Amino acid sequence: MSQPASRLDFEAVLVPLAAIVVSLALFGVFILCNGVSASSVYYEMYRGAFGTWFSTQNSLTRAAPLMLTALCTALPAHLGLVVIGGEGALVLGALASVVAAHLLASFGPWVVLIGMGLTGAAVGALWLGMVGALRTLRGVNETISSLLMNYIAIGVFKQIVEGPMRDPASLNKPSTLPIGDANMLGSLPGMDVHWGLVYGVVACLFSYVLMRRTVFGFSARMVGGNVRAAQLSGISVTKRVIATCMLAGAAGGLAGMTEVAAIHGTANASLICGYGYAGILVAFLARQNPLAVIPVALLLGGISASGGLLQRSLSLPDATVNVLQGILFVVILASETFYGRWKRAPAATVPAPAASVVAEVA
Amino acid sequence: MSPPLLRATGLGKTFGSFCALDDVSLELTPGSVHGLLGENGAGKSTLVKCIMGYHRPDAGHIQLGDQEITPKNPRDAQALGLGMVYQHFTLVANMTVAENLVLSRTQLPLFIDWKKEAEALAAFMATMPFKIDLQATVRMLAAGEKQKLEILKQLYLKSQIIILDEPTSVLTPAEADEVLGMLHGMTRKNELSILIITHKFREVLGFCDEVTVLRRGKQAGRGKVSQLTTNQMAEMMMGSATNLENKRVPASNVNEPRLQVHELTAADDMGVPALCGVSFEVCSGEIVGVAAVAGNGQEELVEVIAGQRIRSGGTLLVHGKDYAATRDQLHDRKVRCLPEEPLRNACVSNMSVAENMAFRSFDRPPFAIARWVLSHRQIRKSADEQQREYGIRAPSMGSPIGTLSGGNVQRAVLARELRGDVEVLIAANPCMGLDFAAVTEIHARIRKARDQGAAVLLVSADLDEVLALADRILVMSEGRVVYETRPETADVTLMGKYMAGHESQESQESPAAAE
Numbered sequence: 000m001s002q003p004a005s006r007l008d009f010e011a012v013l014v015p016l017a018a019i020v021v022s023l024a025l026f027g028v029f030i031l032c033n034g035v036s037a038s039s040v041y042y043e044m045y046r047g048a049f050g051t052w053f054s055t056q057n058s059l060t061r062a063a064p065l066m067l068t069a070l071c072t073a074l075p076a077h078l079g080l081v082v083i084g085g086e087g088a089l090v091l092g093a094l095a096s097v098v099a100a101h102l103l104a105s106f107g108p109w110v111v112l113i114g115m116g117l118t119g120a121a122v123g124a125l126w127l128g129m130v131g132a133l134r135t136l137r138g139v140n141e142t143i144s145s146l147l148m149n150y151i152a153i154g155v156f157k158q159i160v161e162g163p164m165r166d167p168a169s170l171n172k173p174s175t176l177p178i179g180d181a182n183m184l185g186s187l188p189g190m191d192v193h194w195g196l197v198y199g200v201v202a203c204l205f206s207y208v209l210m211r212r213t214v215f216g217f218s219a220r221m222v223g224g225n226v227r228a229a230q231l232s233g234i235s236v237t238k239r240v241i242a243t244c245m246l247a248g249a250a251g252g253l254a255g256m257t258e259v260a261a262i263h264g265t266a267n268a269s270l271i272c273g274y275g276y277a278g279i280l281v282a283f284l285a286r287q288n289p290l291a292v293i294p295v296a297l298l299l300g301g302i303s304a305s306g307g308l309l310q311r312s313l314s315l316p317d318a319t320v321n322v323l324q325g326i327l328f329v330v331i332l333a334s335e336t337f338y339g340r341w342k343r344a345p346a347a348t349v350p351a352p353a354a355s356v357v358a359e360v361a
Numbered sequence: 000m001s002p003p004l005l006r007a008t009g010l011g012k013t014f015g016s017f018c019a020l021d022d023v024s025l026e027l028t029p030g031s032v033h034g035l036l037g038e039n040g041a042g043k044s045t046l047v048k049c050i051m052g053y054h055r056p057d058a059g060h061i062q063l064g065d066q067e068i069t070p071k072n073p074r075d076a077q078a079l080g081l082g083m084v085y086q087h088f089t090l091v092a093n094m095t096v097a098e099n100l101v102l103s104r105t106q107l108p109l110f111i112d113w114k115k116e117a118e119a120l121a122a123f124m125a126t127m128p129f130k131i132d133l134q135a136t137v138r139m140l141a142a143g144e145k146q147k148l149e150i151l152k153q154l155y156l157k158s159q160i161i162i163l164d165e166p167t168s169v170l171t172p173a174e175a176d177e178v179l180g181m182l183h184g185m186t187r188k189n190e191l192s193i194l195i196i197t198h199k200f201r202e203v204l205g206f207c208d209e210v211t212v213l214r215r216g217k218q219a220g221r222g223k224v225s226q227l228t229t230n231q232m233a234e235m236m237m238g239s240a241t242n243l244e245n246k247r248v249p250a251s252n253v254n255e256p257r258l259q260v261h262e263l264t265a266a267d268d269m270g271v272p273a274l275c276g277v278s279f280e281v282c283s284g285e286i287v288g289v290a291a292v293a294g295n296g297q298e299e300l301v302e303v304i305a306g307q308r309i310r311s312g313g314t315l316l317v318h319g320k321d322y323a324a325t326r327d328q329l330h331d332r333k334v335r336c337l338p339e340e341p342l343r344n345a346c347v348s349n350m351s352v353a354e355n356m357a358f359r360s361f362d363r364p365p366f367a368i369a370r371w372v373l374s375h376r377q378i379r380k381s382a383d384e385q386q387r388e389y390g391i392r393a394p395s396m397g398s399p400i401g402t403l404s405g406g407n408v409q410r411a412v413l414a415r416e417l418r419g420d421v422e423v424l425i426a427a428n429p430c431m432g433l434d435f436a437a438v439t440e441i442h443a444r445i446r447k448a449r450d451q452g453a454a455v456l457l458v459s460a461d462l463d464e465v466l467a468l469a470d471r472i473l474v475m476s477e478g479r480v481v482y483e484t485r486p487e488t489a490d491v492t493l494m495g496k497y498m499a500g501h502e503s504q505e506s507q508e509s510p511a512a513a514e
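Taken in order, these protein sequences are the chains called G and E. Counting from 1, position 48 in the first sequence corresponds to residue 47 in numbering that gives the first Met the number 0; the numbering is continuous, with no gaps. Counting from 1, position 5 in the second sequence corresponds to residue 4 in numbering that gives the first Met the number 0; the numbering is continuous, with no gaps.
Some hints could be false.
Straight-line alpha carbon distances no greater than 35 Å define the calculated DSBU-like cross-link-like pairs of lysine-lysine that follow [as the list claims (entries may be wrong)]: (1) E:K217 x E:K188; (2) G:K238 x E:K320; (3) E:K199 x E:K157; (4) G:K238 x E:K333; (5) E:K223 x E:K114; (6) E:K71 x E:K188; (7) E:K380 x G:K238; (8) G:K157 x G:K172; (9) E:K223 x E:K71.
Cβ pair distances, simulated, as ranges [to be verified]: (10) E:P365 x G:Y41: 52 to 58 Å; (11) G:A333 x E:G419: 44 to 50 Å; (12) G:F337 x E:Q106: 32 to 38 Å; (13) G:F53 x E:S404: 54 to 60 Å; (14) E:D268 x G:A268: 42 to 48 Å; (15) E:Q66 x G:L16: 25 to 31 Å.
The set of hints was computed from the structure by calculation and includes no laboratory data. Since the structure is predicted, the reported quantities are computational estimates derived from the model, not experimental observations. Here a beta-carbon is modelled for each residue, glycine too, at the ideal position from N, C-alpha and C.
For reference, chain G alone in the conformation it holds in the complex (with noise of 0.2 Å):
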């Protein structure tokens, strides 16, 4: 988690690799089991994901928020901590965004863009914030804690975009009023995808440089490595636990932000498509290093752009590519136990989470 910048570990690179490799050969045994040939699913899998230029900003659509999610876990590892509360501050940050967006709906599109962000980020980083005091404070178990809050974020949403914030026009779907064509987030030059995906990358970017180039990530690392040595330092270990899950928080309600602004254009039950917890599976698979977020979210973003193909030319479930990201998560962790054994200095892990969240996210 904390070697130099410099030094690029081959076994860093390798284990994430075969571990790849492995879900990829027991996907293949449970597409066998459905009939299909495992082959023609690799290749479609392929060509859904970025075999065309359509289906690879499709994916990169998709990574966009995966990149930010992810981070709601990868920052608070870096002190040590198991944070899964992406879902919860995406889905919050989404409907704070759609707030600012109405409250500042005269100003014009530039302001209510930059409002709608920071509105976002500040409602995610204060709910990921609650993580991380109830657990430097009171001792309360942050991943319970996130999970349960996931929960609560996602039933506080549904109140409101059901309730108070419903648009009488949206029949079938409750959903707020729309945030209005001329505040959408525009598309990168060129190209179908949105800015979001910029974010992804500059949040990842900072987030490594926060952690590794800055006197703030130094005594994070120190937190997390061993309290008690930072303790003896002088450093308020409290302090550096909120402050990182607020910055976790951020990221995850600039993502649901993003989505609101770039896709759906308002806050409906759409945005609770899983996004928090494909982060968690990003955070791992990247051995939480924030630069390696980005690498890994593409990955994963063209995973889940392939399900549509796989079900409209090999008539698959779309619930096929969940089955490989459950594989994922689950060899991913296990591959945990391979580090180190190639050289003898003793590769820093995350602690794998409790038995019951690998499941609620498979």
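On the provided structure of chain G, position chain E as indicated by the hints.
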């Protein structure tokens, strides 16, 4: 039934390129107590682990009686009548003495007939020279009783040869004498042979019949204790005649109080009061030693001063001002700490040596640029400079500190904590687990800090260390300071009684209370 002769001949063991044992022989005469002496890393543990089947020796033979044995694991060794008592207790704290004894058997039936076991245990206990209540929960036992239970366990398993790894490190001198005396007595009846790993000459002289000395994996000497002097044995251990006399250098320049503790209270991890109103002060230019047996509040005292534990009451003043161990206070008042087990208490094992050495100052120039950006280059440069001065042996200052040996970790921590001016220094068992060379160096550096005007609080479980370094000595027992003395006039026996909690300052006249 007398125990068989245990003989190891020409044992060798290498780990990678490191030669841990080289042509070492040992002979444990039936019915004797044999001391295995050596510095840390001399190969004592490796030798014993070869005998107990943890390691397979690369060379040599082990004989038990007339038979050559090759135990593949500790269970094999156990079946042959070899038992080991470890430095740390291997008891289940929440279970009773009886349960712990039954549990220790390698083969247990699917259902345990507790009634039958209880009868068997009572009969067994009746034959033993000392008694422990079979129904007592292990948690409630004092350290000495736990150690006795560990030994009982071996006897219960019918071990005829018992190996003890530094058995007295957790005991008071009185408890140590009692346990060792008891074992010594059993060997006199020719029921048992004992191999005892130790580095305390007092124990060797008092209880051992023969001794084998190891140095750097090689046999440095052996003989009958009655025919050796302490200095001869020390010479075997350390390679050259080392003067064991205390080189006490008294404080010359004691000034104003720097660290003042008044009526300090704090709870332990379980919420039980561990400090019950501790008051003392440490002046600039003196070393105050705190002697106590583990678990009497001294760990919590250090943690409170170091900022690792919150105090529940009382005042803590440094330079006459309230002190809460925040980062700014640590820096401004120049409070430093040398904790025990530095890897657990003062280092982040997966961060590099250089990063670990920057813990005190990473947020200040030149390490921090504009208070925010970290300069890895400066951190590395500063560490490289200090590496030479403190003789830190590491593959590189960029290697994770967890890969260094204990002595080098402690040197890196010394380099960090003693850098620049030190006004208050808290040292807690700073030499635990280190070899003589490192101990000498650390003692010299602590004295130097004192002579430069630091107020030093030295907490140590090692009475010799306290006596050698301190200018004043406090004895702690059950969360209180119960006795104060000066090293020149200290009565070690009396101190031991206070440490064991058998004596209070009012009842000094009744030494019988120690029993």
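Structure-based check of each hint:
A C-alpha spacing of about 33 Å is found between E:K217 and E:K188, which places the hinted pair at or below 35 Å, so the restraint holds. For the suggested pair G:K238 and E:K320, the alpha carbons sit about 24 Å apart, so the restraint of at most 35 Å is met. A threshold of 35 Å between alpha carbons decides the hint, and for E:K199 with E:K157 the separation of about 28 Å falls inside it, so the pair holds. In summary, the hint linking G:K238 to E:K333 is supported, as the alpha carbons are separated by about 23 Å, within the 35 Å threshold.
Proposed proximity of E:K223 and E:K114 is contradicted: the alpha carbons are some 47 Å apart, above 35 Å. Distance check on the hinted pair: E:K71 and E:K188 sit about 31 Å apart at the alpha-carbon level, within 35 Å; holds. Distance hint between E:K380 and G:K238 is fulfilled; the C-alpha atoms sit about 30 Å from each other, no more than 35 Å. At most 35 Å may separate the alpha-carbon atoms for a hinted pair to count; G:K157 and G:K172 meet this at roughly 11 Å.
Distance check on the hinted pair: E:K223 and E:K71 sit about 31 Å apart at the alpha-carbon level, within 35 Å; holds. Between E:P365 and G:Y41 the CB atoms are about 54 Å apart, so this pair conforms to the stated range of 52 to 58 Å. G:A333 and E:G419 have their C-beta atoms about 48 Å apart, which keeps the hinted 44 to 50 Å range intact. With their beta carbons about 35 Å apart, G:F337 and E:Q106 fall inside the hinted range of 32 to 38 Å.
Between G:F53 and E:S404 the Cβ separation comes to about 59 Å, which falls inside the hinted range of 54 to 60 Å. Restraint check, E:D268 to G:A268: a C-beta distance of roughly 46 Å satisfies the suggested window 42 to 48 Å. A hinted range of 25 to 31 Å is violated for the C-beta pair E:Q66 and G:L16, which are about 53 Å apart.
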